[in-house]
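Throw the hints in and build the complete structure from the sequences for me.
Sequence order for the protein chains is R and B.
All residue numbers for the first sequence refer to this note's numbering, where the first residue is 1 and numbers rise by one.
All residue numbers for the second sequence refer to this note's numbering, where the first residue is 1 and numbers rise by one.
Incorrect hints may have been included.
[Stated by the list, open to error] With a Cα cut of at most 27 angstroms, we get these calculated DSSO-like pairs of lysine-lysine: (1) R:K519 / B:K306; (2) R:K421 / B:K169; (3) R:K418 / B:K522; (4) B:K230 / R:K421.
Worth flagging that the hints you see were computed from the coordinates, not collected in a lab.
Predicted model only: the values in this text are computed from it and were never measured.
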Amino acid sequence: MPTSPQTSLLGLKPYQGAWTYLHCKHLLNRTLFGAKVADINAFKNKGLVASVDELLNFPNNLPSPPLNEYNTASYTDPNVLAGTTWIGDISLDGTINSYRRSSYKKWLLSICVGQERNIREKLTFFWSNHFGTESDTINYGTMIYNHHQILRTNCIGNFKQLVRAVTTDPGMLRYLNGYLNTKTAPDENYGRELQELFTVGKDGGAKYTEDDVKAAAKVLTGWKIDASFNAVFDSTRHDTSNKTFSPYYSTKTITGKTGANGALETDELLNMIFENTDVAKFICRKLYRYFVYYYIDANVEENIIKPLANAFITNNYEIKPVLKLLFESEHFYDNLYIGCQIKSPLDHVVGFLRQYEIAFPDAVSDYADAYFLYNNMVNQLIGMGQNPVDPPNVAGWPAYYQAPDYNELWINADTLPKRNKFTDLMIETGYTRNGKKIIVNTIQFAKTVCANPSDPNALIDSIFSFLLSTEIDASFKNNLKVQLLLTGQSSDYYWTDAWNLYNSIPNLINFNIVNNRLKALLKYIMNLPDYQLQ
Amino acid sequence: MERRNFIKNSLALLAPTMIGGNPIHILQDHPMLDTALLATSGNDNVLVIIQLSGGNDGLNTVIPMSEYGNYYNARTNIAIPEKKVLKLTENDATGLHPSMTAMQNLFSEGKLNIVQSVGYPQPSFSHFRATDIWMSGSDSNEYLNTGWAGRLLNNENPGYPDGYPTADKPDPLAIQIGSLATLTCQGPVVNMALSISDPSSFYNLIDGTNASVANTNAGYELSFLRSIAKQTNLYTARIKAASDSVKQQVTYPNNSLASQLKIVARLIKGGLQTKVYMVNYGGFDTHAGQVVATDTTTGAHANLLKVLSDSIAAFQSDMAGLEIEDRVIGMTYSEFGRRIKSNASGGTDHGSAAPLFLFGKNVRGGVFGNNPTIPATATFNDNVPYQYDFRTIYSTILQNWFCVTETAKTEILTKQYPLLPLINASVCGINDKNSTFAKEALVYNYPNPFNSATKIEFKTKGGHTLLQLLDGSGTIIKLLVEATYNFAGMNSYTLYGSGLVPGVYYIRLQNEDKIFVKPIIKM
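Below, the structure written as structure tokens:
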């Protein structure tokens, strides 16, 4: 029995082993928020390289924006009609923005649940955790939307450009007080986090100094937000003195510039920071923890992080080549890492909804009911400790950075029962809005997951392979088959008969006979601790 | 006694929503809400339910000696030889399978009641559907999505599981051992039973060890998750403490049923306030090879019955040794019995009514009901018709063992059912507390089933004698005789069929301390 995490000695050489259902599901579980049966089948047929290729290369057709779905009998948005988008309406009104923040989260859930077969949403979420903005602080719906669109459109582009865009993004300027950072009253907030959390990081022993934080803050003085929610550079607020950095940055001096040229100092600052190889290593460690496993020892640092970082630098901070290298590596597919990741709440909730292909009302044509139901999912996430786009602070959720526990921090005596209650609830009652119900259709699920659901052995095997990534021994599965599908009967054909009877005479009693047994089985499997792993 | 008003107004108005994180179903339509209910049970009595999965062959379990010739003719290839049948004290008309010596002894001690031909109208021959009917207590053509014991426990604990365990109710309300949560304890919101599904995991719990995991990072994380899962089971510590506190038990036979019952005994003695325990024993679906052809007293069914008999006897003996037999009774049931006529494979196919066992010190010993009538030339479709609706057993347990009020009992069972004299009257201080269970038949009728009329003969020992006609729901629909006789003897009454809709009725005789209930069928 393992008493500590282990690391694989396999490196970044391409994986040459068999492309099995398990390997395929492993890749999808890490790059999507849960995989549907059809997703696994499609990628299984493609093979590894083509699968990674499809996951990483996707058109930039962004989802249609969030809508005003929040008008009620007692509240009407004065500026935006119901059913139309609010993202272009700049408003400082507290009530309006409170509705829009909430609207954004519901919309985000709809986007995650409806994601296409690519890494975009999983990666967008990675960056939203990385930059760690809290929508509560940004406050304005439009800025929140724009901030996350920057992350979404750049998610698999160039990291340096992404940092540049985020640095003068109004949402970030507001979140880390960049817009208050002036020559007379410097605010070091962004200058600090830019280094500590967004680029060189602290975990690799980066030796930037407090003076570097101050110097960076001075470089960044002058940015503010105009009435149209655009970032503008106000040279009258810019500190035009020369800024000299520590030996960590090769004692670089950024010469103070006047007028509009002051804004160019921001680019110089980023160029200087990105000269440091700590940036690539810091980001590669974080990507590794997000996509593979949190445990990094000297072996992984040497054989995975360093070569990944080198590739990152060689490719001028393009994100895609790094991910391609990782997802095609023999390290990624080592049995040690299959199913070892404790799901985040988002993985758990969205993954569940996708696994069972829960059908929500259309988020555009039937937006009111759809957003209402997605809000139930947001509330579930909040209960489990992950209020989307509202991490506890700028560092993001501790599960993504806090040594030594990392992902284990998601699970405690409060959150684990909530995860189980969620899956139970979606099996038993679901949620209903205006007669529209989101609930697990057990019979449809059985048909989707298994080619021959009338055979209880095939059905149990298919369900376990699909829902779990851990190895389950045959006697345990057989025990569940007897107790739950056969409810104590000793012959498999009683399940077969019941299934066939329902399919030929689908009345309520025949339905309940099959449905009750499937419900009990699915609830049981999802209450196994194994279901918390992916 | 704990009294909790069922908060109809606040709960019933809620659409499906969450209260304290728990799903609440729509309750408006549930019959439980028809009347305000009070928590009903004040005693610490325990019921142990033994489910015999597969459909036990009742006719080879409890053998109708008064019908032996027809019985033998109907199943020559599997019939138990007459002289091998175990005799029951003062009950020559009925005997037990030869492998059930332990239960024969229990019968002699007055701790076993054999209820004849338990079933329900329009029986289902499907394992799944019949099991659901038994567990939910529904009619054959009705669907209930709650269990009968679940409704009992919900009646007493309407808020469960929010806030549970409480200071008053620190223990699981019900425990299912050896299988997963079943419909029996399904309440309107959640299952009221804690399942200890895997006996080995139970022993791991008791011993404080962990199940093994793979030597991978997934295995490492799984160990972590399991440790948290264990913490979240709020009942773990109580169960472990209860189990640990019992140091000495009788020797149980080595089989899965006995192992389950042994755990139950520990938990009861260890002080858990759990009211209902459920255990499961399977393999009764004996379509073929039920017996060894050369010796029909041996074979698969004989082995099953031996396990059943030995396990129950060991459990009962443990109850006595642990000094808790006053407050524990057990009940066996199977989803159906089997056909009267055996098949050519040396087995029997799915049937309908079958005997049911109740055991315990406070069970009234004896055979309740008449032997089933076996046709002289049974055909493959012949079945044992039911004499006692299984819900009359539930009704009796609820009211005469758990001392639930009649109103609450009717709500729990969703209809009215009569009481049968199966449990010592002193337990709940019922009205006819002086009555004793009549071992001999005190009521006969002919013809039965009947159409235009049936002649009822009843035996009185003299004194106050009451003869009532009850409908299938247990409602008294007619007082046939109320008289005080000066002498013992047989009397008769002719019941006319006009005005009676076809179905099962009961003739109930109450003569001083003696009660006898006989089912009759109007065609």
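Which of the numbered hints are not met once you compare them with the structure shown? 1, 3
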